Amino acid sequence: MADVTLKPIGNFDLTVEAEVVTPDNFAGKSADEIGKLLVWQGPAEYPLSDYFSVEGNGGSSAEDTTIIVDGDIPRVKRIGQEMTAGKVLIKGSAGMHMGSAMSGGEIIIEGDADSWVGMEMSGGSIHIKGNTKDHLGSAYRGSWKGMTGGRITVDGDAVSQVGGGLSGGEIIIGGSVKHFCGIRISSGLIYVKGNAFRTVGAEMTGGTIVIGGCIERFTPGFTLEDVESDLKFGDIECPGEYKKFTGDYAIPQKGKGTMYVSCDSNECL
Amino acid sequence: MAGTIAIKNGYVYDPLNDINGEMMDIFIQDGKVVTELSGAGMKDVKEIDAKGKTVMPGGVDSHSHVAGAKVNVGRMMRPEDHYKHYQKKTPLTHSGCGYSVPSVYLGGYEYSKMGYTTVFEAAVPPMEARHTHEEMRSTPMLDMGGYLVLGNNWFLMRYFKEGDLDKAAAYISWMMRTHKTYGIKCVNPAGVENWGWGENVGALDQENIHFEITPEDIIKSLTELNEKLGIPMPVHLHANNLGHPGCWEITRDSLKIPKNVRAKPNTDVEWAETKKNAKRHESVYLTHCQFNAFGGTSWRDFESGVKGITDYVNSVDHVVMDSGCVPFGDATVMTGDGPAIHDLYMLTGHKWSNTDVECECGSGVLPFEYLKGNPVHSVQWAMGLEVLLYVKDAWKSIMTTDSPNGGPFTKYPQVIAWLMSNKARQDTIEECHKWAQDRSGIGGETREMDLFEIATITRANPARTIGMSYRKGTLGIGADGDVAIYDIDPKSLEVNDYESIIRGFENAAYTIKAGEVVSQMGEIVAIPEKNTFYSDIAVDDEAEQSMLKDVKKWFKYYTLGFERYPTPDKYLANPTPIQVNAEK
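Protein sequences appear in the order of chains A and B. Each residue of the first sequence is one higher than the one before, starting from 1144 at the first, in this note's numbering. Each residue of the second sequence is one higher than the one before, starting from 44 at the first, in this note's numbering.
Since the hints were derived computationally from the structure, they do not count as laboratory data. If you're wondering where the values come from, they're calculated on a predicted model, not measured in any experiment. Heads up, a few of these hints could be off.
[Unchecked claim] Here are some of the chain B residues that sit facing chain A, going by a computed Cβ distance under 7 Å: (1) ARG121; (2) TYR126; (3) ASP386; (4) MET389; (5) GLY392; (6) GLY521.
Quick reminder that beta carbons are idealized off the backbone N, C-alpha and C, glycines included.
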């Protein structure tokens, strides 16, 4: 296992597009070569070493490579984009599009992450220990298919459009979410332990959403089917008593999705 | 700049001159094909060695959707179609993006890379003509023109109802000139009008709401007027009930309506030398036959109904049609047939857009993905190929994907491979849902088209059908110097190795437009001048004046002023009117 440590040294007045920072790209390269990889900032390309000091060489393959970013990089985007294996550890907060379209490997973010984490990812895992913003594991704007595989775990809160268009994989949120959680999902699982505000599961055609807290405004188009307790989806356990709804009946592909809502926090439903 | 070019030793395919793979030289001077180069021309001649290569006239697409309001709606509603498929700018070319609905620049480049030089936009709503022309003007590399949508025009339907065909003729000729368009497009006659009230029509003799005229009336009147006016192309007909299981019967019956209408295209143009008669004799041009040829009675017993149509087409001489092939993958469905799009929305639940173009026509747009594993899609794939393979005479069929309805035009090389190689088809059937085998005849069809037939259905016949063969789709003396040279050696071509066919047609070794090399092995090397063709029809002044009085009165129902209605010349790249002589 080879570690490459990147230490931010500034120059982030414009955001940096760092899709080259993946174990796939770092594998087989020396610290020097890694520093020479080009990233976009505004209209021009500059070497990675303008923004980070690089220590350690890449491993023999992506699998053997771990990238450690030692510091906050909220203005660096696209780290881990399209990675297939290996590990990325961010010891701070990260920018947008972390792990977009990744198909394997592991990303751990110790701080917060910005929007679009894990957009259309198909495999691997992302763990955010802080909070994140919008479009977690969702589809690109206008697209029907979001994340198709893998797992995203967020210990804190997320905001809107969590898992928009989800077609596979799992998203687990420790905290709460806001609007359009699980809009248009067709498969996969979203488990929110905290509260959701409104439009949960709008236009869903399949898949499962579990809300452990309170839904402020429940989506019309769902019908109550049953009450179940202590749900289990593989290794994911959702303790407590849940009302089981199906939907969304507001669209032509009627009601093949399932939504579980905590009984305790949603007495009025 | 029109150059002087000598293309040496290529295997030439020019169906209009019965040239089938003969090794010969082609000379181009001042943008036109000539017998030989004269003294002055010899000086700066550019010689291209086409030894071991296939030489064809530049590709002509007589039915594509590349410019105008609904194409633009497709672009706007599909950001996901654009972000993964893009091209950076170069010193010569613009940047561009989009897969099934590319930006205008990218569309032009991609057509050129495949050896195409002429593309006609198949649906121009009159009120959107300015916009369509603006986009065509910005589409590089291609000579273009557009078909005016007239099948559900209120003003025309009123004249039809009153039986005033003289005024209707005057109206059509005035509209062609006003909007600088080339031919007549008729979409779901009488049905699109009903869609304004949430209805459709289901039979040829069903009267529509308010106007009380039938699809039959409209098809009959339009095809008769088309010939009376001498318009270069036949009426481009999108039949009723499209996309519904069982629709093949109404399609066949629609084709019977203009059976006795005699084709009389009458244009004042100089014709390139051709051995075959380069004038059309068809009175109707059926568009995207595949979508019009659904069999069965529901989606459960859905099957190919292509044979019913091709049997009829094989037995008569007044029909020509394009295929509307489905090459699988991403597509964007866009049509003037609003109700058809609504039905697709009910089926798929996708985002969709519907528009009513005031008193003239309507349209709809919806993203679509054709999957090999989907039973209906796999049959549709088979049907598109059946249309081309079942029609015995290649001069009755044209290869299209109804781009981007069946799939984007960039899939043409793949479609050609299926037509030329039985193995390519068999291999695809293996990957498809079993319906493709069970509910169509494609599995048992062993016909393999040769390069001559491919040249017929991709350049010679589209050009002839739309009356452009006086300068396009042939390499006869006097024709435009539009040539596609493909890196395919007919002598060693092995059709079982169909990947080589796809590779060959994907990137032409050379695309030459008016004697200038414009793209080479997938790279754009020059941006040529382009022309926009339209029909300039001469008619009786008196009829026109009395018709215009009606139109001006009628304009109180429009949201724009009469003065703002016409498309001025400046909206067109090199406006090229074609003089058409109406019967007096």
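Right, here's what the structure says about each hint:
no., hint, verdict
1, ARG121, "holds (6 Å)"
2, TYR126, "holds (6 Å)"
3, ASP386, "violated (11 Å)"
4, MET389, "holds (5 Å)"
5, GLY392, "holds (5 Å)"
6, GLY521, "violated (48 Å)"
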